[in-house]
Each structure stands twice: as structure tokens, then as C-alpha cells.
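Participant: Chain residues, written in single-letter form:
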Amino acid sequence: MGQNEPVPFLLLIEDDDAIRTGLELALTRQGHRVATAASGEDGLKLFKEQRPDLIVLDVMLPGIDGFEVCRRIRRTDQLPIILLTARSDDIDVVVGLESGADDYVVKPVQPRVLDARIRAVLRRGERESSDSSTYGSLVIDRSAMTVTKDGQDLQLTPTELRLLLELSRRPGQALSRQQLLRLVWEHDYLGDSRLVDACVQRLRAKVEDVPSAPTLIRTVRGVGYRLDPPLQ
Amino acid sequence: MTDPQTPPRRRRPWRRLRSLRVRLIAVFAAVALITAVSASGIAYWLNRDAVLKRAQDTALNDFRVSLTRNVSDLPLEPTCPELAYLAQQVASSGLNYDVVVTDPAQPGCAVSTDPSRFTLQDVPQALQRAVATPREVGAGNQYPYHLYWQRVNLGNRPFLVGGTKVVPSGPTAYMFKSLEDERADLNTLGWSLAIATLLALIGSALLAQAASSTVLRPVRRLGEAARRLGEGKLDTRLEVEGGDELADLARTFNRTAESLSHQVEELSAREAQSRRFVADMSHELRTPLTAMTAVTDILEDEADSLDPMIEPAVRLVVSETRRLSDLVENLMEVTRFDAGTAKLVADEVDIADLIMSCIDGRAWYDAVEVDAPRGIRLMADPRRLDVVFANLIGNALKHGGSPVRVAVRQEGDQVVVEVRDSGPGIPEEVLPHVFDRFYKADKGRARSEGSGLGLSIAMANAQIHGGTITAANGESGAVFTLTLPHTPPSQEDAQ
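Taken in sequence, the protein lines are chains Z and F.
Per this note's numbering, numbering through the first sequence is continuous, rising by one, with the last residue being 236.
Per this note's numbering, numbering through the second sequence is continuous, rising by one, with the last residue being 497.
Please keep in mind that the hints were generated in silico from the structure rather than gathered at the bench.
One thing to keep in mind: the hints can contain errors.
[Unchecked claim] Here are a few chain F residues that face chain Z, going by a calculated C-beta distance under 10 angstroms:
no.: 1; residue: D355
no.: 2; residue: G363
no.: 3; residue: M381
Note that CB positions come from ideal geometry on N, CA and C, so glycine has one too.
Use the sequences and the hints to build the structure in full.
Facilitator: What follows is the structure in C-alpha cells.
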């Protein structure tokens, strides 16, 4: 991390005291500013008051659970959310990704791994170049890091935006799920391809005219996904 | 009953039923045969006696009466023609029999009513002697000479021959009465009885067949029910009809099935309970482990600046926490396989790429030789296959020693991955257990680095792909062979 970079401000929502304390310690030590909440309700309140850069969210919470917290935040905000789940195979992951989470880690998680994921997610929002490209009614402005459709600003999470940018950098070229996992999620080794699928679904819901019959982000069977310039 | 040898198809149950049936029929037939034959035999002999006696008595009486009536016409010293006349008279007045008359006073004079059929030679010697011998006259015997008779066969035809002295010192008369009619009657009776016996036999066989069917049908039902029970359908029950021994047997069967299904239920409930316990336990362990893992990095980073007395303790806590979290991770994986909740996230993968990245990711490059042609692609869950490769190669490095050789080849519609090590191989008695949970080949090294679950998890991961892993000893060490189909059985395509 460079000297001038602002310290990332995280909100950790976790009901177990020991885990909350341990992760707070570890993340603080990794150089983050951490606010904590012990329940979904407290977390939502704290989120509105303090506007963190990123949320680390436990799935199993008393009262409103992690998925619901995720959904409520997504209604208004597009900040990155990382889920803390119990099992990697579980329905938890699928539901969590469908509720709008950007990434997930499985307990017990090594702080190094969590930190790497946090930094990767935060990097997705960084602007890179200053050109823009147009796909039919869709305009991707790389300098402003905005996407408009028919002149309307689209609310994309940093992950969705990065996925669209990576696909639009190679229009017409199919990218495999593992490639996308490396490019967007920075998972260096065997990431979970469900992350890509869930994110593509969310992105399609926002950019496609008819999300169930996509014309921009096409599935290439057996390979992955591809961004097609629309037929004129 | 004809019983052709049954062909060997549908062998055992049918043959057994058949032999029981045959035995029943044989017993029934034997009983029927003995009963019918003895009954008809007795009936035949009684009838025969009665018929013959009546015919005989009638003929002999008639002969006697006729002889008495005609003998008065005979002169004291009769001539041969007179005797012939007597014979004629006796024969014509009586019941259709022939008469032969002889006189010891005139040797050579033996007259017959029909010499072409009967002569004196036809009269048995014994009868002639009996007739000629006088009996002592006493209280119980009024006359010295009696009427004697004998049944003979002349030219295969039955005859009654009777003879007596016409007058005490005079000529002797013999009569020949045909018993042809009686024989015909008796033959008819015999045939009727034989037919009746045969009918009784057939009837008994049919009866036996019916009886055996009523016995064998429930037996067959019982057999089928037992087979279904054996196939694991524990709710199989029999309908109990009546109160006979077979109904008892059916009731016993039902009770047995009942208690069996109870026991199985109990056992599986207990097993489910213990599995749930392991699953719950590992979940419970995970919470403190997550907190501990969260701070291990801090401890590790600070270890260098700690008191040299404290530092090893801190390092021990850090390394054992990681080991514990690996163990819990594996335990949870196992419980997921046990509960059937493990899911396959299949993708099209290049097997060579997967193996290379597995080796790369774990920095095993120097110790492993890979012979994997690129371009062998299959539908599989890359993360699960990575677990399999990591376990097989890691196990080979740990127990076998380098160099470890990994070879990939295509066999039909299957992909085969061989992992060979250069170690001493696996002892024969250990081979069948290498995929068992917590089975440590080396008892002396009970606390090895592994969790004891690695190979069983690898096996479960291969099986969820529809594949398998086998372990064997090659020329220079252990060989683990992973076989995978190109497409997993219930493909869950990730899109």
C-alpha cells in the first residue's frame, strides 16, 4: 500500500464475540480501519451512520440474517460486500451471491486470505484509463467509472463494473470462468466459478434489455462468457 | 404319472417346488393304488367264488337228479348201447352238458354223448380214482359212493367235471359242464375293477395335485416375500389366511420382518444421529477455530520479537491451530459426503492444466514428474479434482518419496490418472484399508501430519464424479490409479 492511499474503512458484522474480536484485531493489524456490529440491525444502522468502504458480513446472524442485510444494502448502495460463510459447497454461497455479495470466504478463514480478498475487491473500483466505449445503448466511461444505458446512470457494484470492463476490453472474445476469476476477483488458483455465474446474472439484469435473452453478454457453452457488440 | 426331467431353466425354486409336488403325488397314488387294488382283489375273489359255486351246485344237482331219474330204466347188467342211451337221456334232460358213461364190468365200453369233444381220457385220473373208491359207511356217511367234481381246463377252456357211480356196483357217469359263461362274467368283472382302480389312481393324482397347489401357493408366496425382504424391502408383509401351519409360518414371517425393520430403523436412526453429532460437532468446533485462526497470523508475525522461551510455544499454537482447522475442514467435508449434500460444480476442464496448477500451487514442481498430454478435456468440478490430485500426490510424496510420477492417458471414454511413487510400496494387509477413514498404515506414526481423512475424501470426490481410485503396488512403489468418466453421471452444468 502506498503512503498516500486512504486507509480502507471496513464494517465487520459478526455475532460471535470471539470471531469478531479476532478478526477485528487481525484486520486492524493488516492496516484497515474496522467498525464492528454484532447483529444485522446494528450493522445496518452503523452502515448508514459511518458509510464504510466495504462490509464483511457473517451469514448466520440472529434476527435478520446476512442475506437479508445484503439485500437491504443493495437496494441503495453498491459498495463491496464479502460474505463469511460456513461451508464452501453450501446453498449459502449461491444464495449469498444472488443477494448481491461480491465474494465470499469460508470459516475458519486465514486473515491473510481475507485481507487479500478485501484489497482485490477494493481495487475493482479504481479507475484505470480514460477512454470510453459504446455498445448499442450502453456507454462505458472508463475515466468516470460509470456506465450509462440510454443516458441513464446504471448502479453497478465495483465487481459488476470490473467484470463489464474486462469483457469490454476484449469484445467478441470468449473468456473462461477461471480467466474471469483471475482478472476480476484476483483468485490466483481455482476460484469458485459460481462467483462468475452469479455476477453475470446480476450484470445482465442491469444492462440487458431482456435479461433472460441476453444479447450483450453471451454464454459460450463449455468456455465461459463473451461481450458481443450489438448488431446494427 | 409321467415326470419328464425339467430343463435347468428357473432352476432352484422351481425344482424344489416340483419335487415336493412329485412326492405328494407319489404318496397319494401309492395310497390309492394299495386301497383300490386290495378292495378290488377281495371283491373279485369273493365274486368269483360265489359265481362258480352257484354254477357248480346247479350243474351237479341237475346231474344228480337226471341221473337218478334215468338210472331206473337201466337193466341190471347193461350193454354198451344201453349205457349210451342212458348217457344220451341224462345229457338231454339236463342243463346243456355232455355225459360220459363207463362200466368197469365191460372194459372198452366208454360211451360219450359227444366223443369228438370228451372221452374218458379227459377225466382226470384223480377224479376217476376218487369216484371208484368206496367210503366207509358210518354215522356221518350214509353212502359208500359220492359225487365228486373237479374244475379242469380242456383246450384252454374251463370245464366242471363231475362223476359218480350210477349204481353202487355198476357203471360210472361223468358230466362235462362248460364254465365259459362264468369265466366271461368274471373277466368282465375283473376289467371293471381294473378300470375302477385306474380311475381311483387318476383321481388321487388330481387330488394330490390340488392339495399340493394349496400348500405350494402359500409356500411360493412366502418364498417371494422372503426374497423381497432380502432385497431390502423391509415393509414386505404376508396376508395371513386361516389358522393352519402355513398361516403360522406367515405370521412368524411377518413378525420377523417387523422386528427386522425395527432394528434396521433403529440402527439407521442411530447412525444418522452419530453423523449429525459429527456434523454438529465440527460446526461447533469451527467457531472457536475461526477466532483462533484470525489471531494466528498476528502471533506468527510477532513470534520473532518474542522471548526465546515463549517463541516456540507461540509457533506450536499457530501450527497446531492450522492443523486443527485442516482436520475440522476435512471432517466437515466427510460429513457433507455422508449426508449426500456435497455438490458437483462441473465445468469443462483440461486435466493436464489442472494437474500442473495443483503442483504449481503447492510448490511440488521439483519432486513430481508429469506425463500429461494437453487436450484431454472432461466435465468435472475443478476444485474437487484439485483435492483428489493434492491428496494423491501429497500422499505419494509423504509416504512414498520422490520422484513421484503422474501419468495421464485416455482409455475409451474414461480418463485415467496414475500416481506412482518411489517408496517401499504399501504392505499387502494395508492395501484394502488405504481408503478407510483414520486408517494409519504405520501404527508407530499415529501422529502423522495427515488428518487420516485425505484418501477417503479423495475417493469420495472421485466417486461423486462417477469415477473411482484404486491402490496397488507397482514395480517401484505404490500406484494410485484415478479413473474418471468424461461426463459425471448427474451433470450439474454451471450455467
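Participant: Can you name, in rising order, the numbers of the hints this structure does not satisfy?
Facilitator: none
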